[in-house]
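**Q** Residue numbers (the UniProt record's numbering), protein chains in the order written: chain A, 1 to 807; chain B, 1 to 196.
Incorrect hints may have been included.
In silico SDA-like cross-links for lysine to any residue, where the CA-CA straight-line distance does not exceed 20 Å [what the hints assert, rightly or not]:
#1 514/A <-> 56/B
#2 496/A <-> 112/B
#3 496/A <-> 86/B
#4 496/A <-> 114/B
#5 516/A <-> 61/B
#6 350/A <-> 334/A
#7 514/A <-> 123/B
#8 496/A <-> 30/B
#9 496/A <-> 189/B
#10 189/B <-> 402/A
#11 496/A <-> 75/B
#12 183/B <-> 334/A
#13 496/A <-> 163/B
#14 514/A <-> 86/B
#15 189/B <-> 403/A
#16 496/A <-> 185/B
#17 189/B <-> 114/B
#18 189/B <-> 219/A
#19 183/B <-> 402/A
#20 189/B <-> 144/A
#21 346/A <-> 293/A
#22 183/B <-> 408/A
#23 331/A <-> 315/A
#24 542/A <-> 55/B
#25 517/A <-> 111/B
#26 542/A <-> 69/B
#27 516/A <-> 55/B
#28 496/A <-> 72/B
#29 514/A <-> 163/B
#30 496/A <-> 143/B
#31 350/A <-> 75/A
#32 496/A <-> 111/B
Only part of the chain A face toward chain B is listed, based on derived beta-carbon distances under 10 Å [as the list claims (entries may be wrong)]:
#33 486
#34 490
#35 517
FYI, nobody ran anything at the bench for these hints, they're computed from the structure.
Beta carbons: idealized from backbone N, C-alpha and C, even for Gly.
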Amino acid sequence: MAFRSWNWLLWLMAFACSEASSYVNESSNSTAQLAPDAQFAASSSDPDERISVFELDYDYVQIPYEVTLWILLASLAKIGFHLYHKLPHLMPESCLLIIVGALVGGIIFGTHHKSPPVMDSSIYFLYLLPPIVLESGYFMPTRPFFENIGSILWWAGLGALINAFGIGLSLYFVCQIKAFGLGDINLLQNLLFGSLISAVDPVAVLAVFEEARVNEQLYMMIFGEALLNDGISVVLYNILIAFTKMHKFEDIEPVDILAGCARFVIVGCGGVFFGIIFGFISAFITRFTQNISAIEPLIVFMFSYLSYLAAETLYLSGILAITACAVTMKKYVEENVSQTSYTTIKYFMKMLSSVSETLIFIFMGVSTIGKNHEWNWAFICFTLVFCQIWRAISVFTLFYVSNQFRTFPFSVKDQFIIFYSGVRGAGSFSLAFLLPLSLFPRKKLFVTATLVVTYFTVFFQGITIGPLVRYLDVRKTNKKESINEELHIRLMDHLKAGIEDVCGQWSHYQVRDKFKKFDHRYLRKILIRRNLPKSSIVSLYKKLEMKQAIEMVETGILTSAALLTPYQPERIQGTKRLSPEDVESMRDILTRNMYQVRQRVFRSLVLFTVSSQAAALLGLENRELAVSCQTLSYNKYNLKPQTSEKQAQEILIRRQNTLRESMRKGQSLPWGKPVGTKNFRYLSFPYSNPLSARREARAAESTDDDGIDPGLQPLMFRAHPRAGSLQERRQTQAMIPMKSFHRGEKALSFSYRSNSSWEEHAGWGRRDVIRPKPLFYAVDEEYESGEQTEEETSATGSRWIAQHRHS
Amino acid sequence: MGSCSSHVARIPDVDQILRETGFSQASLLRLYHRFQALDREEKGYLSRLDLQRIGALAVNPLGDRIIDSFFPNGSQRVDFAGFARVLAHFRPVDEEDATIRDPKQPEPLNSRMNKLRFAFQLYDLDRDGKISRNEMLQVLRLMVGVQVTDEQLESITDRTVQEADEDGDGAVSFMEFTKSLEKMNIEQKMSIRILK
């Protein structure tokens with residue numbers, strides 16, 4: 001492993017060298033460019049003109065070429081970073097990006113190359129900043145955020161202000177000291193510098209926190225600060241720039257200062273307002289996009305961007321607008337869009353933001369190594385010192401106050417961690433870089449100071465905060481991992497709200513309840529397509545099952561009939577014989593909702609697994625069907641049959657896992673159903689091509705008591721010998737799960753074996769077979785052979801393949 | 001609201017209640033006023049009807065059960081002491097309390113264990129010390145409501161019971177319940193700030 005990472009590092013160096021050579025080349029090429037031109041011009045008069053076989057036109061592609069190279073280089077660096085798995089523990093990723101940037105900067109400087117103008121004011125604010133903010137807003141965990149919103153606003157808002165003014169004023173006083181040669185920096189400039197240097201970018205720290213799994217409250221405070229801080233400092237920056245443009249300090253009257261404050265509030269709230277409006281509009285539009293799911297990501301991105309631009313037009317805070325838009329949109333859009341769109345949105349957002357961040361950091365590295373620096377010991381050292389001091393002051397005082405009002409006060413340890421996580425980043429650097437030189441003759445000094453502070457905080461604090469968190473033993477998170485917790489949390493919420501009602505007091509649980517009611521009654525009806533209220537417990541349940549399924553697939557767990565068989569005892573009460581009307585209505589629903597040209601796509605939607613529970617779950621009623629269609633939406637609009645099959649497998653596996661777990665508990669099924677019913681319905685899979693059809697047919701025949709998904713065929717074949725007695729097969733099947741459970745599930749194998757023998761004893765109650773029906777589930781108790789099913793399938797053209805199991 | 005005096009001494013058995021519940025005098029007084037407000041006919045105790053009159057509680061999915069928790073052992077009346085005792089479970093846990101508490105004395109009502117016991121009894125209606133699958137199902141049904149079908153509810157219940165059930169008896173005992181919640185910050189979830 002270490003060897004491989006060395007490989008990567010070598011590769012990286014090679015890549016860097018190639019970049020260097022490309023830079024060198026371009027300068028030589030641009031000169032070489034002239035020669036062929038001249039030659040061409042000269043030779044045009046010449047009857048036999050020569051066409052150069054090989055030409056290089058670097059200028060044409062220079063900017064995109066270099067930008068792409070930078071991004072690629074940073075990505076490679078990130079890959080290398082994560083490959084060597086000790087590194088992420090040591091330092092946050094921003095360190096790496098800065099190093100890469102410095103490297104690129106060194107190369108550029110060394111080759112005297114003129115770097116492309118990636119960073120200027122409009123490009124930064126219009127293109128580089130929005131994706132970063134959008135991503136942090138979209139992935140914000142909303143509930144903890146809103147639970148702590150009072151503290152977050154108090155801390156982020158006031159903290160930024162205190163820091164900005166504190167640092168600015170202290171630096172001003174330092175500048176007054178003649179000895180340092182800083183007398184020409186007036187108060188406004190100092191304040192502006194204070195505001196930009198107080199822009200904390202603790203995203204780097206958040207990665208460390210996540211890894212150390214600190215408690216949610218702490219995480220939320222820092223996250224909230226990161227979110228709001230950018231917005232606030234940009235607002236402050238703009239206001240102060242406007243003040244600076246008024247030229248003379250003496251012209252500024254108290255009226256202006258008040259106007260500045262009012263402006264601050266308006267800019268903030270106006271931005272949020274815009275964001276919310278755009279969020280609602282985009283949520284509304286996604287309600288209608290079910291047929292063209294390809295434009296769903298487009299709508300999400302364009303509307304967020306539009307909210308940013310619209311807010312910026314009116315000089316409101318675009319950052320807060322885009323954040324509010326992302327938060328609003330997320331809730332409704334997530335339910336409306338298809339699963340692939342959702343994944344696309346997620347990944348595209350991450351990609352965009354990582355590209356932006358990379359570019360900014362590289363730019364930062366590039367400008368580190370250059371000639372535009374001005375070093376002034378006093379200014380820089382005092383800046384560093386004051387940053388830390390003022391941050392400490394603001395943290396401890398603000399939290400002291402807010403602790404009085406919280407049920408969950410932050411301990412001194414927590415506060416210390418918050419103080420220590422004040423890592424500056426690209427935000428302050430960009431703002432410093434974009435200072436207009438005309439107004440700030442000493443811009444270089446500011447840039448240098450910002451760079452020093454950023455480097456110091458990112459490297460020193462970023463690297464040491466991990467160990468610090470572990471050393472201080474900060475309280476760990478209790479993220480919900482189980483459905484039990486979700487259920488009990490819900491119960492406690494209701495309980496708490498109820499008791500608060502008894503006490504007769506108003507609290508924010510009730511606010512939340514009221515908002516939820518309003519949301520359900522009005523907003524969801526308007527904004528969500530086919531409004532089927534989804535309970536969070538149910539969605540968590542499904543998510544957990546999916547997760548388990550995926551884990552199982554990843555560990556190569558086979559499913560085997562052994563798992564499925566012991567089901568016979570408990571069963572659902574009532575038969576699940578479908579009435580023709582039910583069948584018809586279900587088919588209607590299916591066609592209405594899911595019919596697509598590629599029918600195989602939605603066939604796989606209805607992959608159900610073994611248990612009758614599951615079948616019933618996905619089954620009988622229309623409403624349920626619709627719910628399941630809705631909730632299994634990851635399959636719904638799937639345009640790639642193979643992924644849907646894979647997901648189908650996963651569902652199957654997940655079901656089987658549940659079954660297995662229940663077996664593990666030593667009981668056949670905790671379903672509590674009377675023994676003796678039999679259905680195992682399993683679902684079947686559509687085969688997407690004749691090849692797999694053949695495979696499935698083979699599967700159906702040979703593995704008569706493995707009711708396994710043909711998709712798992714390869715695994716199965718490897719594992720199960722085709723022939724063999726029932727007993728033997730079962731044993732083998734029982735063996736397989738044992739092997740795969742090397743992840744340490746206790747006694748699972750043991751219970752498998754015991755269960756399988758138990759099955760043998762009890763005998764296979766009946767065979768269950770699924771008659772190939774046009775619908776996905778069928779409950780049947782007759783026996784049908786595997787061969788027959790295939791024929792029937794092709795005969796009926798229903799494309800459902802049924803699998804059967806027989807004892 | 002008959003009482004004009006705001007002196008804490010008017011509350012019967014006030015010392016004992018203060019000791020048992022750990023409320024401050026101010027909080028206790030506030031609760032007493034609330035008790036009197038709810039007790040419209042000035043009976044001196046609350047009946048179920050009085051609690052059911054609280055509008056917001058009626059729409060709370062667990063409203064009935066919460067009301068029942070005020071009436072332990074099937075009684076139909078709750079006096080102020082009982083009222084305060086129930087509410088004491090929701091007093092925020094003061095970290096200093098834990099350290100200076102005399103270990104010989106019974107656990108304060110707002111300790112983590114007692115909070116969990118309180119929550120547990122919301123599930124365990126028959127008071128057999130276990131949450132059976134049916135009881136879990138009923139609670140789920142109450143909370144999740146009509147949004148999901150019975151079969152889904154049942155699978156969720158099964159999964160819930162499975163996750164928590166360690167000894168395989170198909171029911172969740174109190175110890176299993178606490179174990180499944182060991183990572184959760186109960187002290188915060190079940191604390192009401194104003195009851196400090």
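**Q** Each hint: holds or not?
**A** For each hint, the structure was consulted:
1. Of the pairs offered as hints, the one joining residue 514/A and residue 56/B holds, with about 11 Å between alpha carbons and a cut-off of 20 Å not exceeded.
2. For the hint pairing residue 496/A with residue 112/B, the CA-to-CA distance comes to about 15 Å; that is within 20 Å, so the pair holds.
3. A threshold of 20 Å between alpha carbons decides the hint, and for residue 496/A with residue 86/B the separation of about 12 Å falls inside it, so the pair holds.
4. Pair hint residue 496/A plus residue 114/B holds up; C-alpha atoms about 15 Å apart against a cutoff of 20 Å.
5. With a CA separation close to 14 Å, the supplied pair residue 516/A and residue 61/B stays within the 20 Å bound.
6. Among the hinted pairs, residue 350/A with residue 334/A is consistent with the structure: their alpha-carbon atoms are about 16 Å apart, no more than 20 Å.
7. A hinted pair counts as satisfied when its Cα atoms are at most 20 Å apart, and residue 514/A with residue 123/B does not qualify at roughly 25 Å.
8. Restraint check for residue 496/A and residue 30/B: the C-alpha separation of about 18 Å stays at or below 20 Å, so the hint holds.
9. Proximity of residue 496/A to residue 189/B is assessed by CA-CA distance (about 8 Å); at most 20 Å being required, the pair is judged to hold.
10. The straight-line distance between the Cα atoms of residue 189/B and residue 402/A is roughly 19 Å, inside the 20 Å bound, and the hint therefore holds.
11. Simply put, residue 496/A and residue 75/B have alpha-carbon atoms about 23 Å apart, too far for the 20 Å limit, and the pair is violated.
12. Of the pairs offered as hints, the one joining residue 183/B and residue 334/A is violated, with about 29 Å between alpha carbons and a cut-off of 20 Å exceeded.
13. With a C-alpha separation of about 25 Å, the suggested pairing of residue 496/A with residue 163/B is violated against the 20 Å cut-off.
14. Among the hinted pairs, residue 514/A with residue 86/B is inconsistent with the structure: their alpha-carbon atoms are about 25 Å apart, more than 20 Å.
15. For the suggested pair residue 189/B and residue 403/A, the alpha carbons sit about 17 Å apart, so the restraint of at most 20 Å is met.
16. Taking the CA atoms of residue 496/A and residue 185/B, the gap is about 14 Å. The hint holds against a cut of 20 Å.
17. Simply put, residue 189/B and residue 114/B have alpha-carbon atoms about 13 Å apart, close enough for the 20 Å limit, and the pair holds.
18. As the CA atoms of residue 189/B and residue 219/A are separated by approximately 18 Å, the hinted pair is consistent with the 20 Å bound.
19. Only pairs whose Cα atoms come within 20 Å are accepted, and residue 183/B paired with residue 402/A is rejected, the gap being roughly 25 Å.
20. Proposed proximity of residue 189/B and residue 144/A is supported: the alpha carbons are some 12 Å apart, at most 20 Å.
21. At roughly 15 Å between alpha-carbon atoms, residue 346/A and residue 293/A fall within 20 Å of each other, so this suggested pair holds.
22. For the suggested pair residue 183/B and residue 408/A, the alpha carbons sit about 16 Å apart, so the restraint of at most 20 Å is met.
23. A C-alpha spacing of about 27 Å is found between residue 331/A and residue 315/A, which places the hinted pair above 20 Å, so the restraint is violated.
24. Taking the CA atoms of residue 542/A and residue 55/B, the gap is about 34 Å. The hint is violated against a cut of 20 Å.
25. With a CA separation close to 32 Å, the supplied pair residue 517/A and residue 111/B exceeds the 20 Å bound.
26. For the hint linking residue 542/A to residue 69/B, the alpha-carbon distance of about 32 Å lies beyond 20 Å, and the restraint is violated.
27. Using a Cα cut-off of 20 Å, the hinted pair residue 516/A and residue 55/B holds, with the two alpha carbons roughly 17 Å apart.
28. Proposed proximity of residue 496/A and residue 72/B is supported: the alpha carbons are some 19 Å apart, at most 20 Å.
29. With a C-alpha separation of about 32 Å, the suggested pair residue 514/A and residue 163/B falls outside the 20 Å cut-off, and the hint is violated.
30. A distance of roughly 14 Å separates the Cα atoms of residue 496/A and residue 143/B; the hinted pair therefore holds under the 20 Å criterion.
31. Of the pairs offered as hints, the one joining residue 350/A and residue 75/A holds, with about 13 Å between alpha carbons and a cut-off of 20 Å not exceeded.
32. Distance hint between residue 496/A and residue 111/B is fulfilled; the C-alpha atoms sit about 16 Å from each other, no more than 20 Å.
33. Contact between residue 486/A and chain B, as hinted, is supported at the beta carbon level, the nearest pair being about 9 Å apart and thus within 10 Å.
34. Look at residue 490/A: its Cβ gets to within about 6 Å of chain B, closer than 10 Å, so that hint holds up.
35. Taking 10 Å as the C-beta cut-off, the interface hint given for residue 517/A holds, the closest approach to chain B being about 9 Å.
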